[in-house]
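Enquirer: Protein chains in written order, with the working numbering: chain A, 1 to 388; chain B, 1 to 388; chain C, 1 to 388; chain D, 1 to 388.
Be aware that a few hints might be false.
[Claimed, not checked] Just so you have them, the derived chain D footprint on chain B, three or more residues with Cβ under 8 Å:
1) 19-33
2) 64-73
3) 286-300
4) 342-354
It is worth saying that the hints were derived from the structure and are not from the lab.
Cβ coordinates follow ideal geometry from the N, Cα and C atoms, glycine included.
Number of protein chains: 4
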Amino acid sequence: MAGREAAKNVLRAQRIELPSWAFGNSGTRFKVFAQQGVPRDPFEKVADAAQVHAFTGVAPTVALHIPWDEVEDYGALGRAAADAGITLGTVNANVFQDDDYKLGSVTNPDPAVRRKALDHLFACIDVMDRTGSRDLKLWFSDGTNYPGQDDIRARQDRLAEALEAVYARLSADQRLILEYKLFEPAFYTTDVPDWGTSYAHCLRLGERAQVCVDTGHHAPGTNIEFIVAFLLREGKLGAFDFNSRFYADDDLIVGAADPFQLFRILFEVKQAGGLAADSGIAFMLDQCHNIEPKIPGQIRSVMNVQEATAKALLVDTEALSAAQAAGDVLGANGVLMDAFNTDVRPLLAELREEMGLDPDPMAAYARSGYAERIVADRVGGNQAGWGA
Amino acid sequence: MAGREAAKNVLRAQRIELPSWAFGNSGTRFKVFAQQGVPRDPFEKVADAAQVHAFTGVAPTVALHIPWDEVEDYGALGRAAADAGITLGTVNANVFQDDDYKLGSVTNPDPAVRRKALDHLFACIDVMDRTGSRDLKLWFSDGTNYPGQDDIRARQDRLAEALEAVYARLSADQRLILEYKLFEPAFYTTDVPDWGTSYAHCLRLGERAQVCVDTGHHAPGTNIEFIVAFLLREGKLGAFDFNSRFYADDDLIVGAADPFQLFRILFEVKQAGGLAADSGIAFMLDQCHNIEPKIPGQIRSVMNVQEATAKALLVDTEALSAAQAAGDVLGANGVLMDAFNTDVRPLLAELREEMGLDPDPMAAYARSGYAERIVADRVGGNQAGWGA
Amino acid sequence: MAGREAAKNVLRAQRIELPSWAFGNSGTRFKVFAQQGVPRDPFEKVADAAQVHAFTGVAPTVALHIPWDEVEDYGALGRAAADAGITLGTVNANVFQDDDYKLGSVTNPDPAVRRKALDHLFACIDVMDRTGSRDLKLWFSDGTNYPGQDDIRARQDRLAEALEAVYARLSADQRLILEYKLFEPAFYTTDVPDWGTSYAHCLRLGERAQVCVDTGHHAPGTNIEFIVAFLLREGKLGAFDFNSRFYADDDLIVGAADPFQLFRILFEVKQAGGLAADSGIAFMLDQCHNIEPKIPGQIRSVMNVQEATAKALLVDTEALSAAQAAGDVLGANGVLMDAFNTDVRPLLAELREEMGLDPDPMAAYARSGYAERIVADRVGGNQAGWGA
Amino acid sequence: MAGREAAKNVLRAQRIELPSWAFGNSGTRFKVFAQQGVPRDPFEKVADAAQVHAFTGVAPTVALHIPWDEVEDYGALGRAAADAGITLGTVNANVFQDDDYKLGSVTNPDPAVRRKALDHLFACIDVMDRTGSRDLKLWFSDGTNYPGQDDIRARQDRLAEALEAVYARLSADQRLILEYKLFEPAFYTTDVPDWGTSYAHCLRLGERAQVCVDTGHHAPGTNIEFIVAFLLREGKLGAFDFNSRFYADDDLIVGAADPFQLFRILFEVKQAGGLAADSGIAFMLDQCHNIEPKIPGQIRSVMNVQEATAKALLVDTEALSAAQAAGDVLGANGVLMDAFNTDVRPLLAELREEMGLDPDPMAAYARSGYAERIVADRVGGNQAGWGA
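Just chain A, with the same shape it has in the complex (with noise of 0.2 Å):
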């Protein structure tokens, strides 16, 4: 078992992003469920999100999406969420929620549409100005839904086109970052189906395009695992978007479906240095509490990051070397799982108690009241969503 000291040290520096639309309302195609006291605007939003970094101390920043985040002073929303304790991190752009991304936005068919989608990537590397962001966080729902509707290559060609713009168009100490998705909303070619595609485009782009991991944005059996190995091997993992899936996208709380799966992958980040404090990593959440309370839903997920990346720190990493260089399969399996069946909520426990927070988050936002003052305060107005 490695040092329980060593692995505060690290657990104490590290960093969880969370995602502005997880504190708005979220659902499926069958129905939207309204919960009170959600945010209706982004400085609701921050304001949720600081709870959550009050209540843990490893999420400080927030990820907006843009347009569900657009305000005309991104000053006076910085200036709030600093008030709150918080800073505003990766910007998200949205091309998807507009009539004409019908079929596709940088992508689509129709150059004027190619060009509106373009124009708005730009007005997110303008908000990144303003809001001093590092990351342009892509994902893009283009693709097609039959076989022949459109041409799998020139999309390709368009995006790379669109792609190279952005890229051109950021300063030196901004990123792109690419993410890629299996499926959905697209149901029959998704135009960055997999890594490999990232990883394809991003190469060409050069070193400041980096790779988006979605822990939900894969085929059934597919090791993602490997994949963070591979990425970090090439210098091209750039974030995690951190959330459980049992089926398809599901957008669940990180950790709920597959915690061992979680702890394999922050194994791999912890091996290849990815924790440590520069790797220019971003971990983030990206999920939808549909069902569950917002500020619990992230502050349980931010709980369940911690687990499992306590529970990669705690490998014996000697022993396991040693054991798979003498090709003990049991004895190095066995090494990986006595760290994954460790109780790390002590260590967690103590760990919070020294950065002066509360040693049950949960128990403590339960008890401060937040949750019961919103529901009160936040009536009439929009509520934030999916598309707002």
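Since the structure of chain A is provided, determine the placement of chains B, C and D on it from the hints.
Expert: Leaving out everything else, chains B, C and D in the frame of chain A:
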């Protein structure tokens, strides 16, 4: 090759039911793209459905979704249908779009919500009494998102109780059709996830409880024609919801993703006598035309079912049985493929001409001017869609 | 957290059956890697199985595979088992390794082959009569590779006929356990592909026909604990074949791929009273240790089942029910996760010491010298393996 | 519909490579069913392959598997092939059937095993030098079965080292073709699991390193034609291994499971110029005829590829492009489907007659008496199979 004339006789008598909701707007959780000319009420949906029948001749009924298709006067709706040359068909109960149903409808842990859901199911039977519908189709979105969220077995008890109450309420010439679905919108458990669950409940209920096979509701790799053959052998296949999928429940045009699979399914139906007019199997479309126009999408779907049926009818079953009995793997497979590889479009064109229809329904509809008419006429009001 | 002592009492009485074939060589179609010291006959397999029981204390029976484990004198085999501290258990019928079975066994289109297969099943019952085994486990490799190859429904008829004949031959205290499997070795249809098919046949046969759930035999995304809960509710879960999988039927060590899933399965078993000594559920391992040593592989497997069971027993079901009834999604999930996140290894070590065993079975076996002994002793002869 | 004559010209020049191992016995881990008349050495395999070419006219090369097809005198084997009307093609390296490779070949933790594997790869190049083969096809069974068993990243380092050494050894007109596979025989990680991994390695190696797409080696839901289109755009598609699958790597006859998918793949190939004689793409079959006779199985496979190619060639690409540019979803899909729904068997029969062949290769082979001859002649000796 089996007889063309015999095939045409079956094809002439074939009946495919249309879903009223296919004519309204639909989409994914990311975006519903509005289309011009979409119906604004059930009467306009019925009018659109009648167009599909007018050009194909084999789609004379339209299924309703309650409450989406609630009207004050079902007599009037039925007369409107009759005037347009069709009739009202299956009633689909919707107990998933009220805020109360966040944790389930008939399996909700809260007895008050269960009671409300059951009352709605009873109300659907009242609608059936007025429309003269034979079938009550039940699909429940009920399930859970997280392990532990609710008691799997207790939910089965609640489900059984509700089904019994509904079954008891049906008249002797009405049927309960229970649909299953692997997942979505629930992401951990679904209360009726597979055919086995539906089958077991129907068996308990009695003869007029039957299983509905939605071709998009299975796990990857599931052999759907096996299920179809098995249920037919048990006398428990009540209905199809036809559509196609590449990934999850994509609800694409039937036959668009895997026309060979559709052929295999219809071949099993045919072998078991399921194409006979009195087979009791309801062949329905259940699709979402998210990006393509609705009426042509439905026409194309009907044609795809017809083509797969025609191929199934052309299988030389005598040669097939002989090869099967002889253990001639390649020979038996070859007999099946011969039928699949046959171009049946000329045969269907001929049939349509014999029926007094245009041999090319897609072109005939396009020429008819109906599309332009509804775009011009249906201005203002709220377009129908999932949820309305 | 439920009582530790109560948990220990259940764990002390737990019984896990070992498969004789896990001790022989196994592999994939690409290669079977031979291991030193592997048994050369059923007596040596029994001796190895006894080692697993000696170090774990909860694996006192070994299942046989006929004809792999055919011996002249089953009395002698039983006595050898008894001398080693274990007994003979379930009889598994093998009707898939004779050239005659190329197109199936009991569902073969050739009646002579069907007769031969049935005779073998009868012979298996004769073995049961001699060994005193309660359960006849039937897994059929029967199926087809190509569409059209055989008649899906006719094969069901043949299957039903064979099952009836076998069931009729069983004595009143013997059971028929019907296993299902999605695919492999058949690649298009499998004659018993899913739990529904097995369930429907068992229902027809009678009370002593029960379903076997092999945890590796499902389509991707299948919720196994739902099936377990459902079959338990119906009184039709007869046995488990435990193993784990990442992709297909990988037959890896149970709990190695997804320990959380194993825990969820055992929690459903426990909730339904399935851990009671008289539940009638046979908990069996069915694994292939292709690259790891066999005996430690089995010990580890037994321990994994014990750990998952211990966690299932520690779930605070009162708190769980309260949270479920209140619709507290995160709370209910949290109760379940609390148990899963608990490190139960100390509890199991304690239990072993109370049972007079070494608290660390893996280390104790390694120290015992048995592995070295069999390598030295078992030289010459033919190693047992799949097919022998 | 594009021109029939133009299509015939492409079809006349099409070349499909046969795998020598398709003529030997094969099976699953459960059983290899022996067939009468199966070859006993590489010369007999070559003779059988020549039969497939004799009746189809488009399969003039046979790929070798080393060491399965090792002979003393490759000149003699080449002459035997030439006498039979064909030539020797791709060399497939086999580093998975020696006991030393239990934990991997070129990625084995043991440097001595890695050295042995590399030496075998060099020996394969020696064979290529003697046979005049252009392509060295590398598929590695390397991977792990259990989390922690070995270091994912270290294995990539070892893989890269081996690939570099092999690539350096190739002559300027030889190519390295790197195949990927999701899983099997390794069940947790595979060292080259997907096209992205193969692509990244090939990119590093250089121009003569190319990716092989085996149509059976993907996760469920993977869009293979997207990968094909993408690799063609990157100039990195070197070869196909054609076969078909319903579940895992079933290695069934190409086009047997999803003929529409095969058509879509070949359409992408055609669109990118991949059907041109100088495209550099090797179109190979890689199948196992476990239950059907081998030679007719191969003939049927060749015909299936021809039929899919013919349909791909008949797509009216002008109409398709117009519909795509207009955003006409149904129209564009309709153009593609028109070609797929066309019965191309008459066109291929016509082509065969023009080539001096029987229009019905299956029937002509059956009449030829070859099957009866080899059954009579090939008595005694050891039948070839996987592993020999």
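Enquirer: Each hint: holds or not?
Expert: Now for the hints, and whether the structure bears them out:
no.: 1; hint: 19-33; result: violated (count 0)
no.: 2; hint: 64-73; result: violated (count 0)
no.: 3; hint: 286-300; result: holds (count 6)
no.: 4; hint: 342-354; result: holds (count 3)
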